[in-house]
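Quick note: the sequence shown uses the working numbering, first residue 1, plus one each step.
Source of the hints: derived by calculation from the structure; they are not laboratory data. Hints may contain errors.
SDA-like mimics (lysine to any residue), calculated; alpha carbons at most 25 Å apart, straight line [unchecked claim]:
| hint | residue 1 | residue 2 |
| --- | --- | --- |
| 1 | Lys222 | Gly240 |
| 2 | Lys347 | Ser173 |
| 3 | Lys446 | Leu404 |
| 4 | Lys354 | Arg192 |
| 5 | Lys373 | Asp332 |
| 6 | Lys148 | Leu215 |
Simulated restraints on C-beta separations [claimed, not checked]:
| hint | residue 1 | residue 2 | range |
| --- | --- | --- | --- |
| 7 | Glu4 | Glu441 | 56 to 62 Å |
| 8 | Leu111 | Glu402 | 42 to 48 Å |
| 9 | Pro102 | Lys369 | 55 to 61 Å |
| 10 | Leu150 | Gln79 | 25 to 31 Å |
| 11 | Ala31 | Lys227 | 56 to 62 Å |
| 12 | Ile6 | Glu441 | 34 to 40 Å |
| 13 | Ala351 | Val443 | 54 to 60 Å |
| 14 | Val13 | Gly339 | 45 to 51 Å |
| 15 | Val443 | Thr378 | 36 to 42 Å |
| 16 | Glu21 | Leu111 | 52 to 58 Å |
Every residue, glycine too, gets a C-beta built ideally from N, C-alpha and C.
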Amino acid sequence: MPIETIAIDDDQVARILSVREGHFSDMKAKAVSPAKLTKALSAFANADGGELYVGIDEHDGTFTWNGFIDEEAANGHLQIFEQLFPLGDGFRYEFLLNETQPGLVMHVIVLRSGAIRKASDGIVYLRRGAASQPLTTDARLRQLERDKGLTSFETETVNTPVEAITNSELTISFMLGAFPLAEPDRWLRMQRVIVADKPTVAGLLLYSDLPQADLPKRSSVKLYRYKTSDTEGKRETLDGQPVTIEGPLYNQIRDAVRLTTELVESISKLGDAGLAAVSYPPETLHEIITNALIHRDYGVADDVHIRVFDNRVEVESPGRLAGHVSPANILDERFARNGNVVRLINKFPDAPNKDVGEGLNTAFDAMKKLQLKDPVITELDHSVLVNIRHEKLASPEQMIMEHLQSHPEITNRIVRELSGIGSENKVKTIFQGLMKRGQIERVPNKRGNLAAYRLVATQPEDPSAT
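Required output: the full structure, derived from the provided sequences and hints.
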């Protein structure tokens, strides 16, 4: 397949030369050996994807265009690149041409790979910031395999007696309701949650009465209440002690949803009719908490964290999104990191994942029905954060004007409570914009913390004009 040459204008050249090397971009001179450049390609593919520009020189932090004389001059690079990273398999190559700049710059676009990619030296690299880091320990390689969804910690065996799951209260209760009726030991071995006479991680999570005894620091839920709308919860805004939720996964999901709902409903939020309890769609909290627990990476030694703020609920689960799933395609793509957990918990009565594969879509749809903004999903270095905001789809400006239709005035604090905006300065900017448009005015003699705004007063008619 021929490599396309694309002519770009001076503005595009300037934008490329202004790019800073980072997690998603790298600039290299054409003199750098192709073998060395494969480290960056491996690192991008194993992380979140990225772009490599070959033919860009750097001097004292300034990038300049210095490309290949022609396409043939880049053959050595292309041969090695395509041998390891074939065109069309998540990799795209093109040449960039500008008539005022010397030579052709090779532009390599790398997508996040579902497989682990090695550089020409046989080493696996991972992009972190502006560096391509070699993964040289078994522990880091296993973590990358789990991130890619190639392996799962749920299949690991744990050195504890099988009676922890064959003779637990939960297993006995579950088996009494199972059809057809079977002996626990035989049934659990058939389900591959007992291997070599040891329970697996999935087996303990599902059928042990207290998995946390054998899987400490990787199987609990921590629930926090922060009395603030700030972007980050701090010790001084933490209300009481965090609640630790333990037990088998089926019970843990139920308890986490119930306790989170109770905590949310204890929050009062100012509305047009005065103080009212905050409420989220029950389907949203249920599906997002369920998703966090059954799809988390149990190989990461951390708990699931649920943080309840005045204006949002955050659910953070350990481990990155598995396989080809990303925040952009998560509602359309399906990938179960913990296949056994997903399959077997669905056998429980009133299973928490009744609509397998549709949970997040249900959560988003429920928010839309209440005219609330979509949850925001962010992939962090070692976890996935879901932000469920209690913010109406209406703009802050619209909320202010609607509030003033039934109230004589409005303050910065009231706007923040109505809209969920955490920044006092942001609300000030909104007020200033409405005043410039002549829609509201400041209430006279109210300054500082007492400052308030009202609809622009209608000017009385001048009697002499009639």
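Comparing the hints with the structure gives:
Distance check on the hinted pair: Lys222 and Gly240 sit about 13 Å apart at the alpha-carbon level, within 25 Å; holds. A threshold of 25 Å between alpha carbons decides the hint, and for Lys347 with Ser173 the separation of about 13 Å falls inside it, so the pair holds. About 17 Å separates the Cα atoms of Lys446 and Leu404, which keeps this hinted pair within 25 Å; it holds. With a CA separation close to 22 Å, the supplied pair Lys354 and Arg192 stays within the 25 Å bound.
For the proposed pair Lys373 and Asp332, the alpha carbon gap of about 19 Å is at most 25 Å, so the pair holds. Distance hint between Lys148 and Leu215 is fulfilled; the C-alpha atoms sit about 23 Å from each other, no more than 25 Å. Between Glu4 and Glu441, the C-beta spacing of about 58 Å keeps the proposed range 56 to 62 Å intact. For Leu111 and Glu402, the Cβ-Cβ distance of about 44 Å falls inside the hinted range of 42 to 48 Å, so the restraint holds.
In this structure the hint that Pro102 and Lys369 lie 55 to 61 Å apart at CB holds, the actual value being about 58 Å. The hint said 25 to 31 Å for the Cβ distance between Leu150 and Gln79, and at roughly 28 Å that hint holds. Hint check: Ala31 to Lys227, Cβ distance near 58 Å, so the stated range 56 to 62 Å holds. Between Ile6 and Glu441 the beta carbons are some 54 Å apart, a value that contradicts the proposed interval 34 to 40 Å.
The hinted window of 54 to 60 Å between Ala351 and Val443 holds, with their beta carbons roughly 56 Å apart. At about 48 Å, the CB distance of Val13 to Gly339 agrees with the hint of 45 to 51 Å. Between Val443 and Thr378, the C-beta spacing of about 39 Å keeps the proposed range 36 to 42 Å intact. At roughly 19 Å, the beta carbons of Glu21 and Leu111 sit outside the given window of 52 to 58 Å.
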